[in-house]
Amino acid sequence: MGYSFQFGVIEANLDKFLQGLVLGLALAFAAIFIGTLIGLLCAFATMAKAQTPSRLVGIYVSAIRNTPLLVIILFVYFALPQLGIRLGKHESFVFSLAIYAGAYLTEVFRSGLAGVPRGVIDAGRAIGLTGFQLALCVISPIMWRNCLPALGTTFISLFKDTSLAAVIAIPELTYQARKLNTETFRVAEAWATASVLYLATCLLIAAGLRQLERRFPKF
Amino acid sequence: MEHFTHELWVARWALAEGLLLTVEISLASIFCGTIIGLLAGVGLTYGTWILRTPIRALVDCVRGIPVLVLILTSFYLLTFAGINLTAIESGLLALSVFCGAHMGEIIRGALQSIPRTQIDAGRAIGLTFPRILVYVLLPQAMRQIMPVWINTGAELVKASTLLSVIGTGELLLRTQEIVGRNFMTLEFYGLCGLLYFLVNYLIERFGKLAGRHFALQ
Chain A
1 MGYSFQFGVI EANLDKFLQG LVLGLALAFA AIFIGTLIGL LCAFATMAKA
51 QTPSRLVGIY VSAIRNTPLL VIILFVYFAL PQLGIRLGKH ESFVFSLAIY
101 AGAYLTEVFR SGLAGVPRGV IDAGRAIGLT GFQLALCVIS PIMWRNCLPA
151 LGTTFISLFK DTSLAAVIAI PELTYQARKL NTETFRVAEA WATASVLYLA
201 TCLLIAAGLR QLERRFPKF
Chain B
220 MEHFTHELWV ARWALAEGLL LTVEISLASI FCGTIIGLLA GVGLTYGTWI
270 LRTPIRALVD CVRGIPVLVL ILTSFYLLTF AGINLTAIES GLLALSVFCG
320 AHMGEIIRGA LQSIPRTQID AGRAIGLTFP RILVYVLLPQ AMRQIMPVWI
370 NTGAELVKAS TLLSVIGTGE LLLRTQEIVG RNFMTLEFYG LCGLLYFLVN
420 YLIERFGKLA GRHFALQ
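If you're matching them up, the sequences are chains A and B in order.
Residues 1 to 219 (the working numbering) are what the first sequence spells out, left to right.
Residues 220 to 436 (the working numbering) are what the second sequence spells out, left to right.
Incorrect hints may appear among the rest.
[What the hints assert, rightly or not] Pair ranges (Cβ atoms, derived):
no. : chain 1 : residue 1 : chain 2 : residue 2 : range
1   : B       : Trp228    : A       : Ala200    : 34 to 42 Å
2   : B       : Phe250    : A       : Glu91     : 57 to 65 Å
3   : A       : Arg86     : B       : Ser332    : 29 to 37 Å
4   : A       : Gly88     : B       : Leu435    : 19 to 27 Å
5   : B       : His432    : A       : Leu203    : 33 to 41 Å
6   : B       : Trp228    : A       : Gly88     : 34 to 42 Å
7   : A       : Thr182    : B       : Asn303    : 12 to 20 Å
8   : A       : Ser157    : B       : Thr347    : 36 to 44 Å
9   : A       : Asp15     : B       : Asn401    : 37 to 45 Å
10  : A       : Ser157    : B       : Leu277    : 54 to 62 Å
11  : B       : Asn303    : A       : Thr52     : 52 to 60 Å
12  : A       : Leu87     : B       : Asn401    : 53 to 61 Å
13  : A       : Ala200    : B       : His225    : 45 to 53 Å
None of these hints come from the bench; they were simulated from the model.
All C-beta atoms in this analysis are idealised placements derived from N, C-alpha and C, irrespective of residue type, glycine included.
Extracted from the complex, chain A is given alone in its bound form:
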């Protein structure tokens, strides 16, 4: 069967693809922002002397990391309304991705914290810093630097996960590609365009993060 490429359809719909890409980036950004807050909170909670926070964080991380993201998305979108929690499509997706991101980022930050030298913390304490000052001015900068590589990988993988938003009909890149695919049957062109856009964005993010790593040399 002959198949001739016609990129005219793609050209005509390029704005939709780009809108989809921007929407995906926005979803990823929102989820990563909330997820980072969750991750930081959980990671610092495990530093506490009491056992309970550590154990709770452990349960959260293990539960979320071992459940498929798609199941979480569908659960939040379809099952939570039964409990009276009604969220819009976008909010529910951002919420799902944020708790998913939170679990992965907790692990990342925790390993970053583990890499902070004991002596630096003791030194901070010796000059009379309070716990909060210690966390903000001494531990955090070193921790961020430690986690930068792992953070980059996690961010990229979270951006790729926004493709799952297509399943609950959020018009991001995968949704647009699928729509064009079924409407015009330009199969190869639609998926090639989506793949190239995803790939280019990921490479761009990776390059940006590498730049950041070079900017802040390892402690």
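Mind docking chain B on chain A? Use the hints.
Below, chain B without anything else, positioned relative to chain A:
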């Protein structure tokens, strides 16, 4: 509650079949993916640049594209290329390629951490390269590969849920069908999540055990 147990009893075989298919798909794709990954990893580490460049490009491409897009592409595109695969087969292909690319990177990382003198030593006692690989390099690399490999297994169980989008009757699609019939979203999506959690939790435990087994004493 009684309603739920009744519905659960009605749906028991559908759920069991779905879970079985999920496990089967995961096992098959990790098997094929490991073979692809082994070839890619060895090629990336020891190949000449003519071999290395295309593998590197392929691996980076696959790693930069979301799994869902890979699955949809292999589902829709192969038919147009004249290759007729069922939903399960095209899904398996996509998952294997995804797994292969990630395993390739993992195996490359492990192999690169072995000092090159090991190869020289192998050569000195007259081993050919395939033998050096099998008897000298891979056993040492195994220590690093094993824990991550088992982790990849858990990732694949999670990624297999995406096959529900192209109509493969694995656990998630079965759950969606059941929910479509009785509208008990909370109970059945919850149960589905729990089943996935249990499978992956077992894998995670197993991975920790394996990690301890392969760790240097």
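How the hints compare with the structure:
Take B/Trp228 and A/Ala200: their Cβ atoms lie about 51 Å apart, and the range 34 to 42 Å is violated. Taking the beta carbon of each, B/Phe250 and A/Glu91 are about 40 Å apart, not inside 57 to 65 Å as hinted. Checking the proposed 29 to 37 Å range against A/Arg86 and B/Ser332 shows it is violated: the Cβ atoms sit about 51 Å from each other. Range check, A/Gly88 to B/Leu435: about 52 Å between beta-carbon atoms, so the 19 to 27 Å window is missed.
Remark: the range hint 33 to 41 Å for B/His432 to A/Leu203 is upheld by a beta-carbon distance near 38 Å. A hinted range of 34 to 42 Å holds for the C-beta pair B/Trp228 and A/Gly88, which are about 35 Å apart. At about 19 Å, the CB distance of A/Thr182 to B/Asn303 agrees with the hint of 12 to 20 Å. Taking the beta carbon of each, A/Ser157 and B/Thr347 are about 39 Å apart, inside 36 to 44 Å as hinted.
Between A/Asp15 and B/Asn401 the C-beta distance comes to about 42 Å, which sits within the given range of 37 to 45 Å. The given range of 54 to 62 Å is broken by A/Ser157 and B/Leu277, whose C-beta atoms sit roughly 19 Å from each other. For B/Asn303 paired with A/Thr52, a C-beta distance near 57 Å keeps the hint of 52 to 60 Å intact. The hinted range of 53 to 61 Å is not satisfied by A/Leu87 and B/Asn401, whose Cβ atoms lie roughly 23 Å apart.
Under the hint 45 to 53 Å, the C-beta atoms of A/Ala200 and B/His225, about 52 Å apart, fit the expected range.
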